[in-house]
Structure formats: C-alpha cells, structure tokens
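Put together the whole structure using the sequences plus the hints.
One letter stands for each residue in the lines below.
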Amino acid sequence: MAKIIKHKPSPGEPLSFLKEFTQARIAIGATGTSIPTTQSLAFKLAHAHARDAVYSVMDTELLADELMQFNLPVLHLHSQAISREQYLQRPDLGRLLDELSVNRLADQIENKGIVLILADGLSATAINQNAVELLKLLIPKLIAAKVKLAPLCLVVQGRVAIGDGIAAELGASLSVILIGERPGLSAADSMGAYLTYAPKPGLRDDSRNCISNIRPEGLPVTVAADKLFYLIQEALSRKISGVALKDNEGLLSDK
Amino acid sequence: MYQHTILGKVYRFDSLRELLAKASPHRTGDVLAGLSAGSYEERVAAQITLADVLLTDFLNEAVIPYEEDEVTRLIIDTHDAEAFKLISSLTVGGLRDWLLLDETDTLILKSIENALTPEMAAAVSKIMRNQDLIAVAKKCEVVTKFRNTIGLKGHFATRLQPNHPTDDPRGIAASLIEGLLYGSGDACIGINPATDSPAAVLKIVMLIDQLREQFEIPTQSCVLSHITTTLELVNKGAPIDLCFQSIAGTQKANASFGISLSLLDEAYQATLSLNRGTMGNNVMYFETGQGSCLSANAHYGVDQQTCEARAYAVAKKFKPLLVNSVVGFIGPEYLYDGKQITRAALEDHFCGKLLGLPMGVDICYTNHAEADQDDMDNLLTLLGVAGCNFIMGIPGSDDIMLNYQSTSFHDALYLRKVLGLKPAPEFEAWLLRQGIMDENGNPAKGGPEALLNKTNSLWLK
Numbered sequence: 001m002a003k004i005i006k007h008k009p010s011p012g013e014p015l016s017f018l019k020e021f022t023q024a025r026i027a028i029g030a031t032g033t034s035i036p037t038t039q040s041l042a043f044k045l046a047h048a049h050a051r052d053a054v055y056s057v058m059d060t061e062l063l064a065d066e067l068m069q070f071n072l073p074v075l076h077l078h079s080q081a082i083s084r085e086q087y088l089q090r091p092d093l094g095r096l097l098d099e100l101s102v103n104r105l106a107d108q109i110e111n112k113g114i115v116l117i118l119a120d121g122l123s124a125t126a127i128n129q130n131a132v133e134l135l136k137l138l139i140p141k142l143i144a145a146k147v148k149l150a151p152l153c154l155v156v157q158g159r160v161a162i163g164d165g166i167a168a169e170l171g172a173s174l175s176v177i178l179i180g181e182r183p184g185l186s187a188a189d190s191m192g193a194y195l196t197y198a199p200k201p202g203l204r205d206d207s208r209n210c211i212s213n214i215r216p217e218g219l220p221v222t223v224a225a226d227k228l229f230y231l232i233q234e235a236l237s238r239k240i241s242g243v244a245l246k247d248n249e250g251l252l253s254d255k
Numbered sequence: 001m002y003q004h005t006i007l008g009k010v011y012r013f014d015s016l017r018e019l020l021a022k023a024s025p026h027r028t029g030d031v032l033a034g035l036s037a038g039s040y041e042e043r044v045a046a047q048i049t050l051a052d053v054l055l056t057d058f059l060n061e062a063v064i065p066y067e068e069d070e071v072t073r074l075i076i077d078t079h080d081a082e083a084f085k086l087i088s089s090l091t092v093g094g095l096r097d098w099l100l101l102d103e104t105d106t107l108i109l110k111s112i113e114n115a116l117t118p119e120m121a122a123a124v125s126k127i128m129r130n131q132d133l134i135a136v137a138k139k140c141e142v143v144t145k146f147r148n149t150i151g152l153k154g155h156f157a158t159r160l161q162p163n164h165p166t167d168d169p170r171g172i173a174a175s176l177i178e179g180l181l182y183g184s185g186d187a188c189i190g191i192n193p194a195t196d197s198p199a200a201v202l203k204i205v206m207l208i209d210q211l212r213e214q215f216e217i218p219t220q221s222c223v224l225s226h227i228t229t230t231l232e233l234v235n236k237g238a239p240i241d242l243c244f245q246s247i248a249g250t251q252k253a254n255a256s257f258g259i260s261l262s263l264l265d266e267a268y269q270a271t272l273s274l275n276r277g278t279m280g281n282n283v284m285y286f287e288t289g290q291g292s293c294l295s296a297n298a299h300y301g302v303d304q305q306t307c308e309a310r311a312y313a314v315a316k317k318f319k320p321l322l323v324n325s326v327v328g329f330i331g332p333e334y335l336y337d338g339k340q341i342t343r344a345a346l347e348d349h350f351c352g353k354l355l356g357l358p359m360g361v362d363i364c365y366t367n368h369a370e371a372d373q374d375d376m377d378n379l380l381t382l383l384g385v386a387g388c389n390f391i392m393g394i395p396g397s398d399d400i401m402l403n404y405q406s407t408s409f410h411d412a413l414y415l416r417k418v419l420g421l422k423p424a425p426e427f428e429a430w431l432l433r434q435g436i437m438d439e440n441g442n443p444a445k446g447g448p449e450a451l452l453n454k455t456n457s458l459w460l461k
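Line by line, the protein sequences are chains A and B.
So in our numbering, spot 99 of the first sequence is number 99, and the numbers just go up one at a time.
So in our numbering, spot 63 of the second sequence is number 63, and the numbers just go up one at a time.
Everything labelled a hint here was simulated from the structure, so no lab data went into it.
Be careful, since some hints might not be right.
Unchecked claim - Covered by chain B, per the in silico footprint, the following chain A stretches (three or more residues, Cβ under 8 Å):
| hint | region |
| --- | --- |
| 1 | 37 to 50 |
| 2 | 80 to 92 |
Claimed, not checked - Calculated cross-link-like contacts (lysine-lysine; reagent style DSBU-like; alpha-carbon spacing at most 30 Å):
| hint | chain 1 | residue 1 | chain 2 | residue 2 |
| --- | --- | --- | --- | --- |
| 3 | B | Lys252 | A | Lys19 |
| 4 | B | Lys445 | A | Lys44 |
| 5 | B | Lys236 | B | Lys339 |
| 6 | A | Lys200 | B | Lys445 |
| 7 | A | Lys148 | A | Lys239 |
| 8 | A | Lys19 | B | Lys422 |
For each residue, glycine too, the CB sits at the ideal point set by N, CA and C.
Right under this line is the structure:
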C-alpha cells in the first residue's frame, strides 16, 4: 500500500507537494489558463536541446583519435542517406552502406570476431559523449576474455540495421552497435547498444538485444559495460541473440 | 484503368488503389512506400481523375482483395445498400460538393454513415481542402456514453493521461490529481502501462478505480494494455471500464498487433458483460494512426491515409466510446512536419466522423519531426473548430513515459475558453459540485485546496 500524505500546501501552488512523486511537469501554475512564462520557456529550452541533438554531427576525427588507444583499425563508413533531412525521411537508406563504404569493407580481411560499431542515429551528441567511455570499460574485458575483435567502425547517418551489412562484409560473428537514441525532453544524450548474434542483412529487431538510456544520469557506462559483456558472452556461448537470449535470467533481469 | 490528359500528357492509373495513392496529398510515408505521385502535376491529375470516379466503382473494386483480407470483407458485408441509394449516382467530386451543401445537415450526414465505405471517405478527403474537412466534420455529431456523455455539440472532452515511466502508483496519482484539478479526464482516465503484464495492469486499474469512486467522478478508466491482457483481467472480474486496443486497416497489420476481428469481438463481448456503464454501454477505446500498415509491412500498396480510414471500419463494428488517431507519434518517415501532421489529423477526424465514429486526436509530435508546440496550437485550434470529440491532457504537454509531446491540461482550457466549449455535461456538473471550476469554465479560486481538504490522505494501492 503506497500512500501520499498531504503536506501544508505552499501558497499559490497547492499541488507542489505532489512534485516529489514524478518527473512529470505538474504544479507548474497558470497565468489565466495558460502556462506561465518561466515554465513555457523551460519547455522550449528542453525541446531546443532535443532538436539540436537530432541535428548534431558525429565528431569522427576526435572519435577516431580517441579510438586509437585500443590499437584496432578504425574504419570510416557512411550510409546511403546523404543528409540529415533524407535520413529522417528514409530510414531504409540509413540501414544501407554507401558504395565507398562497401568497398572499404571489402578490402578488409575476413574476421570471425565481434565488430563494435559507433553510429550517430538520432543523437550524435550521445555518441560523442558516451561511446568512448563505454568502450574503455568494455574492450579490456573482451580482450581479457580472449574475444577476437574486428576493426572498429564509425558510421555517419546510420540506423541500427546497418550493423548487419557491416558485420556480413567483415564476416563477424556478432555485432554491437552503439547508437544515439531519439532525444526526449528530459535527455538528449541517451545512447543505445544493440547486440546481434550472426548478423546478416534482413534480420528483424526481435533478433537483437538492446540496452538503452546509457548516459551519466541514466544507465551509467559502468553498468552498461557489465551488461553488454555478459550479453556478449551469453550470445557467443549459446549462439543466439534477441528474444530467446532475453528469456535467460541474468544481469538483464535487474533492469 | 483510369486516365486523364493534361496539356497533351496522358496520366494513367492502373487501379483504384494506385489512383487513391497518387491523389493523396504529399506525405513522407507514401514516398517511403513508393506509392506517391511523381510530380505536382501527376498528383493533381490523379485528383481530377478521382473526382470523376463513381462511388459505385468503389463497391466493385476492392483495394485489397475480399478473399485475402477480413477488413475488406467487413467493409463490403456491412455496407448499407439501402442508405447508399441517396448518394449512389454521385462521383467522388459530386460527393464533395454534396457534403458541403447547406442542405446536407447533421441528420442527413448521420443517415449515410453506413452508406459510405472507408475508401469512399478517404477518396473524397483527398480532393478536399483543410477548410472543407473542417466544415463537413463540424456538421457531424457522434455521441457516445459510458458514465457520461461525450461528443455533444458545444462540448469537448479530454483523456487524462497521467503516465509514469515505471508505473509508480504515487507518480501516476500525482499527475492524475493535478489533471482532475485542471478539469481534465471526462473522455477517460487512460494510462499507458510501462509493463504489460496482468498483475502490473491490475494495480493501475485498481488505483484509478479507487480514486474514481472516492471522488465519485463521472468518468471511465482505461489502462492501455494489449487486449489479451485486458481480456484476462475482465475474465477474472477486474473492474475494467473500457477495453483498449490499437487497430489498423488490414488483416495483416492487425495480425502484427496480435489481434483479429474475432479476438476483438471476444474482448468486446466480455467487457460489455461487466455492465459497468451508467449512462450507456460504449465500452471500447481504439487507437489508430496513419503509417501503421506500412510500418508492419502490410499495406498491400494502399496509401497510408486509405489504410487509416479502413481501420475505422474495424473500430465501428464494436461501437467504441472513443477512437483516437495518435497522429504525430509515428515519426517523420510517415508524417514529416507540422504541415503533414496537421493535414493527416484533419483527414482522420473528418473520415472518422463521416463514418460515424467518436473521433478524438492525440495532437502530438516526436522530437525528430519538424514540428513544435506552435504547430500543435494551430492543429488544436483547427480541431476545436471542427468539433473534435476529445484530445489528450498531459502535464505540461510532456509525456515522460512515451517520450513525446502532446497537449497539456492548459491547452484544453485554452480551447474551451477561445471557442466557448464545455466539458461533458455530467463531468462539468461534477467539476462545479467539487468547486474545481466556476460557471465560466475557469479554475475556481481555492478549488484544489477545498478538494484536498475533503480527505486526509490519498490512499493508493
């Protein structure tokens, strides 16, 4: 039995005592029947952050520099969506590699390891801020566990399923794509991680496992790295991913 | 085979399906599906061609084969040939002109609800301007009842939507109480659960039901779980007022939602049998939205607006209390910007009303669409003028569970004020009785304090 005990109402905003129970925009007051100026502009600012995140650009140069610490080749790739406007209207193009990228991948020696991919998705900001921090924790675990790693891939204008084509070109056995999630008003820097065993073009989302809301105020990279490492090991040993893998009790159940 | 020649150029359309798609006002979803007109001229050529198509043609050429699709079968089998006689000689263009006639009033429009197929409604909407869609919809009146009366002219309701990302009962209750004190919730108190399990859903059902009984609120509750979850709860005798389900316009798309007409009917009959309505027994709440068939890869080459109208045939079979087009939720690959969202919302509201449905609209957008609150303000005002039955009421427009923006409690008060609209009559009486609103529909001074003083604490399970 949960219970809300009333406190003495504060003058002007009798419902302010309810604020502690939810992040929803309650008890914001009214001028006439409209939302007061401060609250109205606070909302606009949150939306502005979300919009800026959608149009943010992946800092591929800086990311490539930072990725050098892992001593793995870094491949720069691009989807068939030529602009953000097209990316938003044609999700199908964001799932396909452009010709240059396909050629770049074809030049690589086939690798049976796992491929780690960074893609901008709907918030490059999320990748710029969270991806390397996560990899710093994840890659040492993988190396310690003697998991073979394919080249690291940076994809511009990419959607989740583009990882399938990349993995297939590289001959990878498993893919993990770190991708910017659709920004909300409360967070514009959420990163998602999608894991796919035996990735190949044409797979549906139910063959993947997802860890979402990775950001300092959401799921911290420390926890995300543990979850991902656990999932990767499970996927490799059971040779599956997706709904079937999720059914297994484990680290995921505490989410 | 349909064709039209413009300046020596012949435009051919192989089927009614193709003609409808090419005549559709531009939207990204139809481009994504590869169905839209290739040029401005081709689109208008298709519209001119469509205007000359006889309504009877729609009875002879199904856009999705009768044998393959139970929604098509439902449409054809429930068509009212007797009522159709009044308009049977008309073309699509003639229907538009007829709908706009002053003589074509509320009663006459009511008489053709079952004479029009969804495809006819969709077709005529494609050659109508936004103004036409509003003018005709305003003439329609669709009234439904459960514990109050929704859809009366001059009235306008809201679904109070106090969602919480983890279904925390106190978090839900906090938003719910705030909403009630803003006069929101006459359409229903409807919560999208974060977890779709019978146990989790039952907790929320009990929470709303208890609150509703404690304050004797003349409204109905709904937890928007999958229909199989609701059915399980109904069969266990849980206090379910409304049974919810998302629906679409093809059998295949519905299958992707895990539903069929027979499953819907089973849940409808079960919910009816609880007999919880006091004013009437409209027990279903449906949500729809353009793009769902394409998203499920189940559109059969039919444009997204025609698919949407077909979903209304599904809804109509079960005499719903509320039908809600969640217009901007699906994202920019289907409806790119404020212009497309606005157009789609007016089409959906018009088609639904014309077919006799209690249409509401979730006036909304996501952060990757080219839209903002100004677009929603415009659409809200247009739909208010058009006589939309209900909209959503969400704290500060920001749904922290579904991560999208819809209309706020404040927005509903704005609309009631500028258009002189009132809540559902029974709910309005309750608001007055509780001292929450005054006779002019404004929040009463000291109203919240008065209500909160009536109880020492808000008990929540």
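Hint-by-hint comparison with the structure:
For the region 37 to 50 of chain A, the proposed coverage by chain B is satisfied: 6 residues have a C-beta within less than 8 Å of a C-beta in that chain, meeting the threshold of three. Here the region 80 to 92 of chain A counts 5 residues with a CB under 8 Å from a CB of chain B, which clears the bar of 3, and the coverage holds. At most 30 Å may separate the alpha-carbon atoms for a hinted pair to count; lysine 252 (chain B) and lysine 19 (chain A) exceed this at roughly 44 Å. For the hint linking lysine 445 (chain B) to lysine 44 (chain A), the alpha-carbon distance of about 29 Å falls within 30 Å, and the restraint holds.
A hinted pair counts as satisfied when its Cα atoms are at most 30 Å apart, and lysine 236 (chain B) with lysine 339 (chain B) does not qualify at roughly 46 Å. Between the alpha carbons of lysine 200 (chain A) and lysine 445 (chain B) the distance comes to roughly 63 Å, so the proposed pair goes past 30 Å and is violated. Pair hint lysine 148 (chain A) plus lysine 239 (chain A) holds up; C-alpha atoms about 16 Å apart against a cutoff of 30 Å. Restraint check for lysine 19 (chain A) and lysine 422 (chain B): the C-alpha separation of about 29 Å stays at or below 30 Å, so the hint holds.
Hint violations for this structure: numbers 3, 5, 6, all remaining hints satisfied.
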